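So the sequence lines, in the order shown, correspond to chains W and S. For this note's numbering, add 23 to where a residue sits in the first sequence, where the first one is 1. For this note's numbering, add 69 to where a residue sits in the second sequence, where the first one is 1.
Don't take each hint at face value.
Some, not all, of what chain W presents toward chain S, calculated at C-beta under 7 Å [unchecked claim]:
id : residue
1  : GLN57
2  : LYS65
3  : GLY66
4  : LEU67
5  : SER69
6  : LEU72
7  : ARG122
8  : LYS123
9  : TRP126
10 : LEU128
Some residues of chain W that are not near chain S, with every Cβ distance over 12 Å (derived) [what the hints assert, rightly or not]:
id : residue
11 : PRO31
12 : GLY39
13 : GLU40
14 : ASN45
15 : THR49
16 : ARG84
17 : ASN86
18 : SER88
19 : ASP90
20 : THR97
21 : GLY106
22 : VAL134
If you are wondering where the hints come from, they were derived from the structure by calculation, not from laboratory data. Quick caveat: nothing in here was measured; it's all calculated off a predicted structure. For every residue, glycine included, the Cβ atom is placed at its ideal position computed from N, Cα and C.
Listed below, chain by chain, are the residues.
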Amino acid sequence: KQEVTQIPAALSVPEGENLVLNCSFTDSAIYNLQWFRQDPGKGLTSLLLIQSSQREQTSGRLNASLDKSSGRSTLYIAASQPGDSATYLCAVSSAGNNRKLIWGLGTSLAVNP
Amino acid sequence: SAVISQKPSRDICQRGTSLTIQCQVDSQVTMMFWYRQQPGQSLTLIATANQGSEATYESGFVIDKFPISRPNLTFSTLTVSNMSPEDSSIYLCSVQGSSNQPQHFGDGTRLSIL
Numbered sequence: 024k025q026e027v028t029q030i031p032a033a034l035s036v037p038e039g040e041n042l043v044l045n046c047s048f049t050d051s052a053i054y055n056l057q058w059f060r061q062d063p064g065k066g067l068t069s070l071l072l073i074q075s076s077q078r079e080q081t082s083g084r085l086n087a088s089l090d091k092s093s094g095r096s097t098l099y100i101a102a103s104q105p106g107d108s109a110t111y112l113c114a115v116s117s118a119g120n121n122r123k124l125i126w127g128l129g130t131s132l133a134v135n136p
Numbered sequence: 070s071a072v073i074s075q076k077p078s079r080d081i082c083q084r085g086t087s088l089t090i091q092c093q094v095d096s097q098v099t100m101m102f103w104y105r106q107q108p109g110q111s112l113t114l115i116a117t118a119n120q121g122s123e124a125t126y127e128s129g130f131v132i133d134k135f136p137i138s139r140p141n142l143t144f145s146t147l148t149v150s151n152m153s154p155e156d157s158s159i160y161l162c163s164v165q166g167s168s169n170q171p172q173h174f175g176d177g178t179r180l181s182i183l
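One chain only, chain W, in its complex shape (with noise of 0.2 Å):
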């Protein structure tokens, strides 16, 4: 059974840090896994998809990376900015006909002005 975990659970940063958050899961046999923000009383962003086959993609200031054989993927985030203090959610979909996404319980950043 899938299971999908975020480290840290909060994290709070002085403006202008580069941070790193990490999400781990126990299958390998994934087909993507997407990264998320979600801000307070609103729904989820979608950031970035990375492929089973992909290493990395980048977006502006994010860059998420997956490592399939040991179960882990990073979102880095470059020059940290109070906009970007949110929830960030990590979302693994498993390989095979039932693609439905496993999900982490998020990483609550605070980044401070």
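For chain W, the structure is supplied; the task is to place chain S on it using the hints.
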């Protein structure tokens, strides 16, 4: 990406009543999903809404409690029936073009049952 409108955004309901949540997408999408996010927990998939046929429910969720409609490729509803305080949660609609594309979410419905 698709624009998803979810209504209502929040509601406070009495125990034993039912509430229908609507999800409208501005373009035709292949897949639509309904999730629940309980306080302090990760998202849980309730069901996949299938156009023109019965929804596919995940383990622990049944049609009598969470009836779902999907009359076309742009619209779906989720009803939370005979509500109890344990149903207090955020309910989220999401859409996906295909399995290798990102899922996109509505803003959710925050439901409180007294």
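Taking the hints in turn, this is what the structure says about them:
no., hint, result
1, GLN57, "holds (6 Å)"
2, LYS65, "holds (5 Å)"
3, GLY66, "holds (4 Å)"
4, LEU67, "holds (4 Å)"
5, SER69, "holds (4 Å)"
6, LEU72, "holds (5 Å)"
7, ARG122, "holds (5 Å)"
8, LYS123, "holds (5 Å)"
9, TRP126, "holds (4 Å)"
10, LEU128, "holds (5 Å)"
11, PRO31, "holds (15 Å)"
12, GLY39, "holds (29 Å)"
13, GLU40, "holds (26 Å)"
14, ASN45, "holds (15 Å)"
15, THR49, "holds (14 Å)"
16, ARG84, "holds (18 Å)"
17, ASN86, "holds (16 Å)"
18, SER88, "holds (17 Å)"
19, ASP90, "holds (20 Å)"
20, THR97, "holds (18 Å)"
21, GLY106, "holds (18 Å)"
22, VAL134, "holds (22 Å)"
Checked against the numbered hints above, the structure violates none of them.
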